Structures are given as structure tokens and as C-alpha cells.
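The residues making up each chain are set out below.
There are 2 protein chains.
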Amino acid sequence: METSSQLDPVALRKIRRTNCNSPLKQVVIAGGTHGNERNGVYLAKYFMKHPKLVQRPSFKTVTILTNPAAVKANLRYVEEDINRCFYQKDLMQPSNSNLERKRASVLDAQIGPKSGSVPKTDFLFDLHNTTAATGVALMVPYDDKFAIEIGAYLTSLDPSVRIILWSNVPDWPMFASVGRSGMTFEVGPASWGCIAPAEFIQSKRLLLSALDYIEAHNQRIKQSNTSTLIKKKIEVFQNVHYVKYPRDENGDLIGMIHPKLQWQDWKELKDGQPIFAMFDGSNDTLFDSSKYEPGAIYPFFINEAAYYEKDIAFMLARKVTVDVNMTPLQSKI
Amino acid sequence: METSSQLDPVALRKIRRTNCNSPLKQVVIAGGTHGNERNGVYLAKYFMKHPKLVQRPSFKTVTILTNPAAVKANLRYVEEDINRCFYQKDLMQPSNSNLERKRASVLDAQIGPKSGSVPKTDFLFDLHNTTAATGVALMVPYDDKFAIEIGAYLTSLDPSVRIILWSNVPDWPMFASVGRSGMTFEVGPASWGCIAPAEFIQSKRLLLSALDYIEAHNQRIKQSNTSTLIKKKIEVFQNVHYVKYPRDENGDLIGMIHPKLQWQDWKELKDGQPIFAMFDGSNDTLFDSSKYEPGAIYPFFINEAAYYEKDIAFMLARKVTVDVNMTPLQSKI
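From first to last, the protein sequence lines are chains A and B.
If you count by my numbering, then the first sequence holds residues 3 to 335, one letter each, in order.
If you count by my numbering, then the second sequence holds residues 3 to 335, one letter each, in order.
Chain A extracted, bound-state conformation (with noise of 0.2 Å):
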């Protein structure tokens, strides 16, 4: 017989989707993944004070600090950004090379596996933040049904959230992907070290719904009723590329985010609009369409703060139509 861990990747995922047809167990909440994202952090620290607020009859709910020691030093990563060591086979042949690849081992074993069909955490809610102005974007996995059917919901409670598809690669290196199912829940804009204050009341109140909603859904499986779903189309974003900043010949940056690109997250870009301004004042980088498919597209995650060293000055999406099917449930936010 095939042990799950001796599977790739998809066929593993497809598996645990299919396992999604069965009531949740446990849910974890996870902050600090990125030590200096206080939003999450400070969401997670007073659920862990309060753990009775994201309790639901049906399953336990888990609050955890991903990367404590990322926390305390109040920075992204301390040696290497742990929200990139979460792919499957990294987690099947565990490094200790450095601090955030043990906490990374520590984590799957506790709340994963990530090889495993059945994982001890069937969904994880993973709270990062962004200096990018792209509100609440919840980045989840493309084959993930249960996990945009919670964003459909949250969707419905507050029009202002956004959905956006992880890009269609065989595994993702993300937290959020150890869980049965899961998402990275993205807000911004908040500056690294800093509590966005409207955005921490919407977050919570926008977490404790989602549990609602697993409760919901959970009731309605032990019920065997399907008959209820209601069926919709809801339009969602599905990441298609990245732009570089300008640069000269040694890699110094010569230019930055046009002032008029800048908190203009989801809004179309349009042909010749400036993307970047000149250090030096000189000509404006303008949008080429023509560099890429015809059809409406849009920037997201423009200047995040930690995307310099990655050089992606921000990225673009395209809009797409993705069926659910959802369990009705009163809106309470």
C-alpha cells in the first residue's frame, strides 16, 4: 500500500479536498508567521488570552504564534522567511539549518502533517499584514472549494473583502497550506510594527463570522443536508504576474512606485498609465499593456515593504468566476 507522504503533492491535495466533505475538527488561528505583521500578531495574542471567543460547539479552535522569536525581535523573519518552508517535500526531510526551518518541522508536526491525507488541523486561518493598501485579500489555494466557499461568505458580510487564487503550482511553500484547507488572511495597509486600528476590528470581526460559518457548514454535514446549498458565481482574483522595480546596471534601484500607482491596489491598470517615477525626475515609466493577454488587468501588493528584496514592485491579477456552493447561514456581523 502507498503511504500519503509517498504522494505528490496534487494527488495528496486531492485527497484531503475530498476529506472536506467531512465535519471540521480542529481550526487554528495563526499570528506572527511574519514577526513584524502586529496585526496578526496582536489578533492571535488576545485570542490566545480569550479562547472561549473562538470556540464553536462543533470543533476546537487553536491560536498560535508561528514564529515567536520573529515576534519578540519584532522583524519578518530572523533567519529565513518561514512562511517559505512549508513545502511538502522540505517538511518530509526535515532541516535544522537554521531557526525558522525547525520551528517550521516543530509546526507540521503539531498541527500538520502537510504529508499526511488527514491532518490534525482541517483549517488554518493565517494573519499577515501588508503595506500594500489591498484591504482584507484572503489568498487561497485554487483548488481550495471550502476555503473560498468561507471567503464567498465573508464576502457577503463585508463587500470590501477580497478573494485572490494562489497561482496553480504543484505545492506552495506557505503556512496556511499545512492545514487541510486554508488561507492567508492579508490586510493591509499597515506599516511593519504597527496595529492598523480599523483593520484589527474588521479582522476579528471578520474571523469570529468564519467560525460561524464552520460551525454552520458543520451542523449542515452531520445533518446530511445538502438539499439547502445555495449555488453562486462570485467573482474572484487569480495572481498572473509580477513587475520589477527599475534599476541601474548594479542593481540600485532608480526609481519607485509612481505616486499615482501608490494605494491604487484592485483598481484596472490601464495602458500607458505611470507605474514607476524617476529618482531623477526624468520620464515616467508607463503600463504596457502589450506585453501581456488582452483583458482587464489588475495591480495588487503595490510597495510591500517586503517584496524590495524580492524586487516585485507589485503584482497583477486578472478577474475570474468560480462556482460555490454554500451552507445558508443568518449573517450575524
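Do not rely on the hints blindly, as some may be mistaken.
[Unchecked claim] Lysine-lysine pairs mimicking DSS-like chemistry, simulated, CA-CA at most 25 Å apart:
hint, chain 1, residue 1, chain 2, residue 2
1, A, LYS122, A, LYS91
2, B, LYS16, A, LYS74
3, A, LYS246, B, LYS74
4, A, LYS74, B, LYS312
5, A, LYS47, B, LYS312
6, B, LYS246, A, LYS47
7, A, LYS122, A, LYS206
8, B, LYS293, B, LYS312
9, A, LYS51, A, LYS62
10, A, LYS262, B, LYS47
11, A, LYS74, B, LYS246
12, A, LYS47, B, LYS262
13, A, LYS246, B, LYS47
14, A, LYS312, A, LYS293
15, A, LYS16, A, LYS147
16, A, LYS246, B, LYS206
17, A, LYS206, B, LYS246
18, B, LYS262, A, LYS206
19, B, LYS293, B, LYS272
20, A, LYS262, B, LYS206
21, A, LYS312, B, LYS47
22, A, LYS74, A, LYS262
23, B, LYS27, B, LYS16
24, A, LYS312, A, LYS104
25, B, LYS246, A, LYS51
26, B, LYS235, A, LYS246
27, B, LYS91, B, LYS74
28, B, LYS62, B, LYS122
29, A, LYS62, A, LYS91
30, A, LYS234, A, LYS147
31, A, LYS47, A, LYS206
32, A, LYS321, A, LYS293
33, B, LYS51, B, LYS27
34, A, LYS51, B, LYS312
35, A, LYS312, B, LYS74
36, B, LYS235, B, LYS321
37, B, LYS51, A, LYS312
Hints are computed from structural coordinates only; laboratory data are not their basis.
Source: prediction; values computed, not measured.
With chain A fixed as given, assemble chain B onto it according to the hints.
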């Protein structure tokens, strides 16, 4: 004969300020005093690559990175905040106890010394960013008439520019205090690690205009011309107090800047206005003006990332009027 280095800081400053009636010979523009305040870092790097831009006929301009190790690490500081390492007494008994103390000694020798009545640098622009929505906020020593004069000129060009007087204490530990005259050129909001583009363009323009003003000032002095001086009264802010975060008995945060106070820097804070929202959604903390002397009071540095560790939620200022004598100059902004 008493050497100037034996003088107390206040007496020494009196001598230095008198020297301001002689022409300026050297101006220093410093970026990266805090390594993660990227507007200043990239503006300084840009001037270092294009030195002609900051040269003027009658004086020399030197652009430097204050803390290159912190810039490289994209951190406020490596071991200690260097912008607290420039007390005259500390510089006169140099300590090599950490990276920043060592660097402070090097800088003091290179462009000061602070203990000299005639330091090598006549004016020091120290470029900073804040995560608070301060706009351009020029922080100047309360007794530095020439710095206030430059601020007044910049305010006349761009009415969004504000001048804030440093507290009346015997000495300050800030880098800008090493020059004969100087200012901390604060710009916000900008997230740690990010370039705020509109603010970058504005800062560049203002700095070049400030250099033009210094040139006009030098020319006027060389012509021994005081008859053309324009007498003005300007309104500036005086820092008077700061407000701490709400915390539990363990010192953990239990609340945050109120969403209605976020981004409201420099807007009069009225009695009863909410200043903190609690994580648990319980009663907001309201501003109690009876704790302070009567009169209008203005919050600033609201939600500055670096001030969480100093337990400063925001600062409070009063408006005061000061007299300035200005060299006439055709504005060129």
C-alpha cells in the same frame, strides 16, 4: 583659557548660535540614521550619486549615510538607536561598546565635533521617516534661529510643511544636534522599509530649496546687507507631552490607537474624543483635557512604529508664535 569642550552644552550652543551670523561653509545631508526609513536612505543615495545637484557656489554639501550597517539590514538600528547617541557628554567620553556608539564617534570626528564652538558642519539635515501621518515635519532645536528660519522659508513655499521645536532641555542626543545648526527632517506616513513616493518628491524639492536659501543667506552676509531682512511672525509647534498605550498588569497592550485618531496628526484633540480602542471592544479611552493646562492641544507621531518600544502612543504639542528674520529670496519651488 577655558576650551569650548569644557563648556556645558547650553553655554556652548550660545557661542555656536552667535556664529550663525557668519556664512555657512559646509552643509551635511544625512540619510539612513534609521536604516529602515527608506525615503531618507534613497534620497541620500541619490544625492551621493548626483553631488552637483546639492552643490551651491558659496558652500560645500556633503551627503552621507549615517548608519550603513542598519541600512544594509533594513533595520532602525543594529544594537542601539544611533539617534540617541549624540549627547555631548557621551561623545566626549567615547565608548566603543557597540556598533552605533562607535559610528557616532566616527561621525562626530568627521563632521562635528559637537563639543567644538566651530564644528566642521554648519548645518545638518537629518532625513527621517515616520509611520505617522505627520507630513513634512521639521524638528528643530528651540534655540536654533537659523534652522527655524530655513523652516519658515520652506513653509512659505509649501504650507503643508510644519515646524516643531525640540523640548527645552540642556542637551539632545539626536544626530542633527552635531552641526552648528540643524534639523531632523521627518516625513510621514511611510512604512518601515518602503519609499513613500509623493513624499520622496516633495522632500527632494524642499531640500534643494533649503540649499538655495542657505546660498541666498550667505550672499546677503557677504554683502553685509541686513537692511533687506524681512521680519516675520510664524506659527510653530512645541512638543509638550506624550501619551502612553493602555496595557494590562503584565505590560501587554490591551488596546490600540483609536481608528478615529489614526492619521489625525496635527488636528486639535478635543476633550472627550476617543484616543484608544480596546482589543475586546469594551469602552474606548477618551481624551481627558483636564490633565493638561488649558488651551488647544495637537497630537502628532500617532502610531509611530518605533515608539511602541518606548511606550509612546502619540505626542502632544501646543502652537506658539516665534519671530524670524528672513533673507529675501525669489521662491523657485
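Taking the hints in turn, this is what the structure says about them:
Only pairs whose Cα atoms come within 25 Å are accepted, and LYS122 (chain A) paired with LYS91 (chain A) is accepted, the gap being roughly 19 Å. A hinted pair counts as satisfied when its Cα atoms are at most 25 Å apart, and LYS16 (chain B) with LYS74 (chain A) does not qualify at roughly 44 Å. With a CA separation close to 20 Å, the supplied pair LYS246 (chain A) and LYS74 (chain B) stays within the 25 Å bound. Among the hinted pairs, LYS74 (chain A) with LYS312 (chain B) is consistent with the structure: their alpha-carbon atoms are about 15 Å apart, no more than 25 Å.
Between the alpha carbons of LYS47 (chain A) and LYS312 (chain B) the distance comes to roughly 20 Å, so the proposed pair stays at or under 25 Å and holds. At most 25 Å may separate the alpha-carbon atoms for a hinted pair to count; LYS246 (chain B) and LYS47 (chain A) meet this at roughly 20 Å. Proposed proximity of LYS122 (chain A) and LYS206 (chain A) is supported: the alpha carbons are some 24 Å apart, at most 25 Å. This hinted pair checks out: LYS293 (chain B) and LYS312 (chain B) have alpha carbons roughly 21 Å apart, not beyond 25 Å.
Between LYS51 (chain A) and LYS62 (chain A) the CA atoms are separated by roughly 16 Å; this keeps the pair inside 25 Å, and the hint holds. Between LYS262 (chain A) and LYS47 (chain B), the direct Cα distance comes to roughly 23 Å. Compliance with the 25 Å bound is thereby established for this hinted pair. Distance check on the hinted pair: LYS74 (chain A) and LYS246 (chain B) sit about 20 Å apart at the alpha-carbon level, within 25 Å; holds. Between the alpha carbons of LYS47 (chain A) and LYS262 (chain B) the distance comes to roughly 23 Å, so the proposed pair stays at or under 25 Å and holds.
A distance of roughly 20 Å separates the Cα atoms of LYS246 (chain A) and LYS47 (chain B); the hinted pair therefore holds under the 25 Å criterion. For the hint linking LYS312 (chain A) to LYS293 (chain A), the alpha-carbon distance of about 21 Å falls within 25 Å, and the restraint holds. Restraint check for LYS16 (chain A) and LYS147 (chain A): the C-alpha separation of about 11 Å stays at or below 25 Å, so the hint holds. About 24 Å separates the Cα atoms of LYS246 (chain A) and LYS206 (chain B), which keeps this hinted pair within 25 Å; it holds.
Using a Cα cut-off of 25 Å, the hinted pair LYS206 (chain A) and LYS246 (chain B) holds, with the two alpha carbons roughly 24 Å apart. Restraint check for LYS262 (chain B) and LYS206 (chain A): satisfied, since their Cα atoms lie roughly 18 Å apart, inside the 25 Å limit. With a C-alpha separation of about 12 Å, the suggested pair LYS293 (chain B) and LYS272 (chain B) falls inside the 25 Å cut-off, and the hint holds. A threshold of 25 Å between alpha carbons decides the hint, and for LYS262 (chain A) with LYS206 (chain B) the separation of about 18 Å falls inside it, so the pair holds.
With a CA separation close to 20 Å, the supplied pair LYS312 (chain A) and LYS47 (chain B) stays within the 25 Å bound. For the proposed pair LYS74 (chain A) and LYS262 (chain A), the alpha carbon gap of about 36 Å is over 25 Å, so the pair is violated. Restraint check for LYS27 (chain B) and LYS16 (chain B): satisfied, since their Cα atoms lie roughly 19 Å apart, inside the 25 Å limit. In summary, the hint linking LYS312 (chain A) to LYS104 (chain A) is supported, as the alpha carbons are separated by about 23 Å, within the 25 Å threshold.
Simply put, LYS246 (chain B) and LYS51 (chain A) have alpha-carbon atoms about 22 Å apart, close enough for the 25 Å limit, and the pair holds. At roughly 48 Å between alpha-carbon atoms, LYS235 (chain B) and LYS246 (chain A) are farther apart than 25 Å, so this suggested pair is violated. Straight-line distance between C-alpha atoms of LYS91 (chain B) and LYS74 (chain B) comes to about 29 Å, which puts the hinted pair past the 25 Å bound. Taken as a hint, the LYS62 (chain B) and LYS122 (chain B) pair is honoured in the structure, with Cα atoms around 11 Å apart against an allowance of 25 Å.
As the CA atoms of LYS62 (chain A) and LYS91 (chain A) are separated by approximately 28 Å, the hinted pair breaks the 25 Å bound. Note on LYS234 (chain A) and LYS147 (chain A): the hinted pairing holds, with a Cα-Cα distance of about 12 Å set against a maximum of 25 Å. Pair hint LYS47 (chain A) plus LYS206 (chain A) holds up; C-alpha atoms about 12 Å apart against a cutoff of 25 Å. Only pairs whose Cα atoms come within 25 Å are accepted, and LYS321 (chain A) paired with LYS293 (chain A) is accepted, the gap being roughly 18 Å.
As the CA atoms of LYS51 (chain B) and LYS27 (chain B) are separated by approximately 21 Å, the hinted pair is consistent with the 25 Å bound. Note on LYS51 (chain A) and LYS312 (chain B): the hinted pairing holds, with a Cα-Cα distance of about 24 Å set against a maximum of 25 Å. Restraint check: the Cα-Cα separation between LYS312 (chain A) and LYS74 (chain B) comes to about 15 Å, which is no more than 25 Å; the hinted pair holds. Among the hinted pairs, LYS235 (chain B) with LYS321 (chain B) is consistent with the structure: their alpha-carbon atoms are about 13 Å apart, no more than 25 Å.
Between LYS51 (chain B) and LYS312 (chain A) the CA atoms are separated by roughly 24 Å; this keeps the pair inside 25 Å, and the hint holds.
Against the hints set out earlier in the document, violations occur for numbers 2, 22, 26, 27 and 29.
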